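K.L.:
Chains as they are written, first to last, in my numbering: chain A, 17 to 441; chain B, 17 to 441.
Source of the hints: derived by calculation from the structure; they are not laboratory data. Please read these numbers as outputs of a predicted model, since none were measured by experiment. Heads up, some of the hints might be wrong.
Copies of the same chain are indistinguishable here, so a pair counts whether it falls within one copy or spans any two.
Claimed, not checked - Cut-off 16 Å, straight-line C-alpha distance, at most; resulting in silico cross-link-like pairs (EDC-like, lysine to aspartate or glutamate):
(1) K57 x D98
(2) K33 x D303
(3) K378 x E389
(4) K33 x D20
(5) K33 x D116
(6) K33 x D300
(7) K239 x D300
(8) K400 x D40
(9) K378 x D363
2 protein chains.
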Amino acid sequence: MSEDDDLLRRRFRVMGKHSPLFYDRPLHLVRGEGVFVYDQKGRAYLDVYNNVPCVGHCHPRVVEAIARQAARLNIHTRYLNDLIVDYAERLTATFDDPLDAVMFTCSGTESNELALRLARFLTGGQGIIVSDFTYHGNSETLAALTSCFPTPEPFPPYARAIPIPDPARDKRPLSELADIYAGHVRDAVRSLQADGVKMAALLIDSFFANEGLPAPVPGFVKKAVEIVREAGGVYICDEVQAGFARTGGAMWGHQLTKTTPDIVTLGKPMGNGHPLAGVVTRIDSVDAFGAAANYFNTFGGNPVSAAAGLAVLDVIKDERLLENSRRVGEHVRQGLERLKAKHSIIDNVRGRGLFFGLELVKGDAQASPATAEAKRLINIMRDKGVLISRIGRHDNILKMRPPLVFSTDHADMLLAGLDEALASL
Amino acid sequence: MSEDDDLLRRRFRVMGKHSPLFYDRPLHLVRGEGVFVYDQKGRAYLDVYNNVPCVGHCHPRVVEAIARQAARLNIHTRYLNDLIVDYAERLTATFDDPLDAVMFTCSGTESNELALRLARFLTGGQGIIVSDFTYHGNSETLAALTSCFPTPEPFPPYARAIPIPDPARDKRPLSELADIYAGHVRDAVRSLQADGVKMAALLIDSFFANEGLPAPVPGFVKKAVEIVREAGGVYICDEVQAGFARTGGAMWGHQLTKTTPDIVTLGKPMGNGHPLAGVVTRIDSVDAFGAAANYFNTFGGNPVSAAAGLAVLDVIKDERLLENSRRVGEHVRQGLERLKAKHSIIDNVRGRGLFFGLELVKGDAQASPATAEAKRLINIMRDKGVLISRIGRHDNILKMRPPLVFSTDHADMLLAGLDEALASL
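Please put together the full structure from these sequences, using the hints given.
P.N.:
Right under this line is the structure:
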């Protein structure tokens with residue numbers, strides 16, 4: 017039995033057989049640095065998947081900040097501490113008015129839970145609208161709202177799921193899509209109202225990552241939010257994937273849609289892997305909810321998390337990673353368009369900044385999803401030393417979302433690998 | 017304006033006025049070491065409150081483990097990694113059969129959420145029984161089940177709250193209390209059944225910390241669990257407070273009641289402040305749930321958390337902290353009994369190991385709760401440089417729960433401080 021087989025057997029025995037693992041042959045990692053991870057034999061893999069280590073695996077400034085603060089003080093927010101207040105100010109300063117306050121949590125799940133509590137408290141309603149192919153967390157309430165994979169919890173009667181426009185798949189005129197899909201939001205609101213359910217929130221990812229990174233339909237989010245607000249609900253924007261300069265166009269995905277949310281939820285990249293997350297909203301909302309709910313989070317907002325979060329903001333600024341995301345993202349996009357011209361399996365190129373996808377389809381008249389090919393491709397890429405994944409309703413859209421320190425050289429490695437892998441399909 | 021006033025004003029503006037703070041004059045901390053924390057003026061405070069830094073503030077072995085692993089690799093469990101499997105094996109080995117598997121999370125809230133999902137999946141029921149003065153987390157579902165402070169979420173129709181026996185306050189014969197209070201559990205089961213709600217779980221803290229650390233009533237938990245299991249439910253034991261050698265009698269609080277839970281939830285002390293938590297149960301439960309739920313937790317079970325968790329287990333073993341908890345806890349208890357003989361405001365001494373309480377009552381015939389005095393006392397103690405808090409239905413029970421490296425010398429500092437503070441009331 018190989019060393020990996022033995023580790024896998026031990027893992028199955030103590031953590032279960034269904035704890036998710038990537039690839040047909042799971043990857044056994046021991047080290048990470050920048051955009052590379054290394055397996056136990058010392059082989060390097062270009063990481064084009066992980067957004068959590070957003071400023072690069074084991075970035076020395078983040079590591080040093082964590083190590084220094086862990087040695088100094090790690091305690092909850094029932095005592096005063098400078099770092100967490102400094103971080104809260106620095107973080108909220110990156111948002112548009114009137115978003116000026118933050119509540120800290122440990123994970124995207126905790127952030128979306130808190131956002132739903134806050135939305136229901138502020139509106140007095142229970143009704144939630146989500147997309148019909150999404151995921152916002154693993155708590156019971158969020159598992160019930162999950163629409164992109166089955167969960168034991170039934171989809172709740174207080175919720176409705178709406179389709180998200182994907183111009184690559186819906187061939188009606190682009191200029192009509194915003195109104196058509198806003199109509200689905202209106203239908204969802206009316207359906208809830210017909211059941212006596214008052215609106216609480218529209219909860220969406222500003223980048224529609226699980227939905228497969230469809231090209232933005234101008235005006236859709238704005239119209240959807242107007243309909244929800246008119247019905248008394250609020251707009252919760254999940255920035256767990258799109259946030260922290262990922263899109264290259266702005267620090268936050270929602271800034272690209274010119275529609276400021278009432279509540280923003282943060283997670284994954286916030287501490288470069290340190291469990292740090294949060295909810296950004298208006299101070300009057302925090303104060304009203306705080307008075308009623310006595311919200312406290314033991315690990316949320318501890319000074320080590322704050323040190324990690326501050327270091328991430330510093331690196332994004334000092335290494336100009338928003339600019340890098342835009343510039344390298346554009347380089348990747350051009351390369352992907354060249355691959356599209358060469359490989360007929362590619363139907364379209366998606367995404368922006370350092371979050372991009374390729375939709376793979378079969379050569380038939382319906383352009384049916386090339387799901388098996390996408391799976392084979394990510395395994396071929398893994399064997400070539402490049403880590404990617406796939407998303408979308410048919411799991412036929414390649415998901416590429418590297419650390420933000422991805423350079424044009426790294427991009428060229430990815431593009432060359434994809435070219436070979438596509439040719440070998 | 018003082019430096020602290022300015023920090024407080026900034027905190028209010030960006031984190032809200034109701035984010036909880038201890039003491040009439042909040043404490044501004046900058047450093048921690050062992051059982052001491054230090055304010056910005058360098059003044060030391062004996063920490064008799066915090067169980068999260070269970071092996072001591074900034075324990076060098078935990079700090080070093082975190083720093084080393086953060087510099088090496090921090091990634092999720094979709095790749096194989098040795099450390100998390102090693103930790104899962106080490107952790108589950110401290111539990112009795114048949115508890116042999118673990119799912120990792122980031123907080124006690126996430127653990128109790130996952131435990132409820134698991135219980136409902138395994139039983140096909142929805143019914144939850146909790147104590148009538150408790151708290152298990154800050155998610156929407158757990159906030160609704162909260163009974164020890166108000167939340168905006170109503171107590172749910174699928175739940176019932178039972179009283180927990182407190183022999184110091186219920187003067188009926190001790191030998192009858194287990195049956196009397198098990199009767200409340202039976203009533204709760206029947207009430208749920210009458211409403212057509214099938215049992216899912218009894219969710220209790222094995223030490224009844226929020227309830228005020230009542231002296232254990234032999235047989236109560238065993239009988240309660242039997243009734244719940246007969247009705248098709250499972251027993252979830254919340255070890256977020258009582259676990260990790262806290263009680264001095266066993267690694268886990270539930271081991272003192274000779275009743276092995278179906279599901280155990282872990283949190284606070286698990287990573288000595290690093291956000292690490294988990295759910296321990298049987299591997300067949302994990303596999304069945306995993307197949308249906310596709311549970312994944314981005315930060316849960318990352319190698320830095322595993323390194324922190326392993327270091328905590330190592331220190332507990334190498335520094336013999338279970339033995340220390342028993343031995344020093346006994347020393348404290350004897351000292352508290354002497355204070356009780358001297359100060360009539362003390363009605364009784366509570367707790368065991370390094371988790372102890374003093375119930376303060378007025379001199380009237382009803383021994384009514386000395387709530388205001390308890391509040392004054394913890395503020396006097398803060399000014400003397402000793403950090404404690406209070407719990408219980410009337411907030412009149414002093415809550416003392418120091419890091420496990422608390423020595424008899426530290427205990428004598430606490431006892432001397434309490435003696436003076438009680439005299440000055």
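K.L.:
A separate judgement is required for each hint: does it hold in the structure or not?
P.N.:
Results of checking the hints against the structure:
For the homomeric pair K57 and D98, the shortest alpha-carbon distance between copies (14 Å) is at most 16 Å, but the shortest distance inside one copy (43 Å) is not. For the homomeric pair K33 and D303, the shortest alpha-carbon distance between copies (6 Å) is at most 16 Å, but the shortest distance inside one copy (44 Å) is not. Within a single copy, K378 and E389 get their C-alpha atoms as close as 9 Å, which meets the 16 Å cut-off; across copies the closest is 76 Å, which misses it. Taking the shortest Cα distances, K33 and D20 sit within 16 Å of each other inside one copy (15 Å), while across copies they are farther apart (52 Å).
Proximity of K33 and D116 under a CA criterion of 16 Å is satisfied inter-copy only: 14 Å between copies versus 44 Å inside one chain copy. With identical chains, the CA atoms of K33 and D300 are at most 16 Å apart between copies only, with a shortest distance of 10 Å across copies and 46 Å within one. With identical chains, the CA atoms of K239 and D300 are never at most 16 Å apart, being 25 Å at best within one copy and 48 Å at best between copies. With identical chains, the CA atoms of K400 and D40 are at most 16 Å apart within one copy only, with a shortest distance of 14 Å there and 61 Å across copies.
In the homo-oligomer, the alpha carbons of K378 and D363 lie at most 16 Å apart inside one protomer (9 Å), although the nearest pairing across protomers, at 78 Å, exceeds that limit.
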